[in-house]
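Q: Protein chains in written order, with the working numbering: chain S, 1 to 609; chain L, 1001 to 1069.
Heads up, some of the hints might be wrong.
To be verified - Stretch by stretch, here's where chain L covers chain S in the computed footprint (C-beta under 8 angstroms, at least three residues):
#1 174-185
#2 245-253
#3 440-448
What the hints contain is simulated information worked out from the structure, not anything from laboratory work.
Virtual Cβ for every residue (Gly too), placed ideally from N, Cα, C.
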Amino acid sequence: MAAFYVNIVHRPEMVPEYLQKEAEQGKVEDLTRRAVLQESLDIFRTQQQIAHANGLRTTVQMTYASLFNAEAVALAQEHHARFGDEIGLTFLGLQCAEFREKFKSKELAIWLFALDDKRRIVDELFGKFFEVFGFYPTSTGSYYMDAELVNYIKSRYPQVKAAVATCWEEGPKAYWNANNSWYTLLDGGPWNPWIPSKRNIHCPASDEADDIGLVAIPHLSRDLMAVFDGPGSYYGTHPQNILRGMAYEGRELPYFQNLVDQYRALAKYNRGYAYNMMFVGPGWMSKSGRWEADYAFLLKSYQEGLAYYGELKQQGLLQDLTMSEFADVYRQGRPYSRPECALWRDILYGSRRQMFWYADPAMRLCLDMNQGGALVDLRPYAAKLLRPCGVGTKANQDASYPFLVQSLYRAGYFTHYAGEGAVKSCKIGHGGEQVDLCACRTQASFSEAGDTRIVTLEPVTIEFEAFSVRVQSEFRLTEGSGEVEIIRRVLDSTRPDAELTIDEYITACYGTTEYPEDLTGVRLSLQSGSASEAIDYAYQCREAELADVQCVEAVIPPVDTRLSLRADGAASGYFREGFAFSPMYTLGIKKTLRGQGELRTWLKVAKAS
Amino acid sequence: MAQGRKGQLNYRCPRCLMREIDMDMLYDRDKAEYYCLRCSFTGDEREVLRLNAQFREKYRARTVRITEF
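Here chain S stands alone, though its shape is the one from the complex:
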């Protein structure tokens, strides 16, 4: 039977930034404003009461400010004793009079402090927690926890086993959504829990030596389609975020339950395991409302959300665990190489669109069935990039894990203008005609064969001027291989003697944002027996092609990644350099056939150094 685990997290955030900003209208800053402290605590109490009324246990993540508040501490202790809630420690809600006095900083994001400051803050918070409760917490978190921060925590407080470590795809889109003022630039991680690498929190660990020592959970469970092209804080298991995105009518939001149910259904792709996380800060239940939603609506949405989880629990379809309990369950019998898979469908816009998400220690990728199964996102986890963030680092606020392909940030399949965008797809050609599978919408199904996950697309019909062919795509992902096997099968042709070319290609770049990075020094190469071709990227539109190719590859030094393509039989390979107005590189493998046949290729990402 499938297991659906849920973590519900609450935090007594004594001075939530939203509430504070509201109370400050027309007044000067005062972090000790009594009205704010009291309202915040009331909200926390209300959230806990709703969870318990629905028979759900929570993880109470104490903020630094709440450790100085006797009422908040007493509530946490009482709920731990009465309901079995876990008492953890969060790095959210740092700002309060005590913090300001001690650290002389207005910084609110733990991952953006300089490393020395992060260490001092960790010791202060864990020390204060111990002083108050007499034990150290085993779960912690923030919107983002960089690997350097977690490595330090583990070195000092090895009992920590779970952390809220990132917000899925909260990056440039979240920044833009907040009028360029919200610095959670954290794209590129997994959407469901994972064991992070010691080198980079976004990457799942490859083995025990790479294991950072805790289970990371995402901050909320997000809509894997809506959030790819929209703000993270509109579409997730956070009822008030749904109100923010206005994905409701009247005062009803069936979308929340649809989202939960789709997450439950992911058990089909993950050996019977599914997960949800809900974490609503008190600022989202302000008595004076939030944007268009009044308090009554904010409260109703939260009550109904938890009531649905409670209903599922009563039916035996949900297990409410604390974060630390979940970490133990997650690790049981789970090999490091096991991927996380999600064949996601649209539940919001009324289309039949599907996307397939995949994450393992080598890569994260996304296939878009609206574009014939084109690969629209590719993150080279195999590189396990050391990429510290915060003050004093090169990345500074940009904590995202780089992509090689992100089709929305870098155009993807071009329907107009000159040039190319980042995407991996296939072109079927005949004479002077050519059709890109990006233009052929289709549907996918999921299956498994041993340790291989298979995504099979429904055949699409390509119409040339004088005849048509049916083409089917299949993607095979074998656990631990670090490769994607792609099969393009010509099933039949209305003119079997007509010659066809299958051109499997990837147009890529690298970066973390919409803006181009310098590709100078990227090395493109081809290998065929003793023949080889290679160039160092210089925006000169150079191309090369070799028959009977063994390997086509790009080495991208800024992200320490080797991207390669190979085929299983006679095929030619090529690379293509771009130009400044089209800063991309393309690798491809081509094959010619008549009637029926297939091209089988393997895409691999590996660490270059």
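With chain S's structure known, arrange chain L on it following the hints.
A: Chain L alone, transformed into the frame defined by chain S:
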């Protein structure tokens, strides 16, 4: 001109929302209208609500309970 203030409900600019930017508006009591500091939108509450309803139309499945996955 009167001092802009936050309204009773803190409306976002509906035009900025169309491009997924959460931009708080200010309220001019004298003119009884909201205005945006970013995109020049002005309108009364009725106009804001009309445009918000338009924004929601993109979610064609917003009222549908989906049970088959």
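Q: Now, for every hint given, state plainly whether the structure supports it.
A: Quick rundown of the hints versus the structure:
no. : hint    : verdict
1   : 174-185 : holds (count 4)
2   : 245-253 : holds (count 6)
3   : 440-448 : violated (count 0)
Of the numbered hints given earlier, the model fails hint 3 alone.
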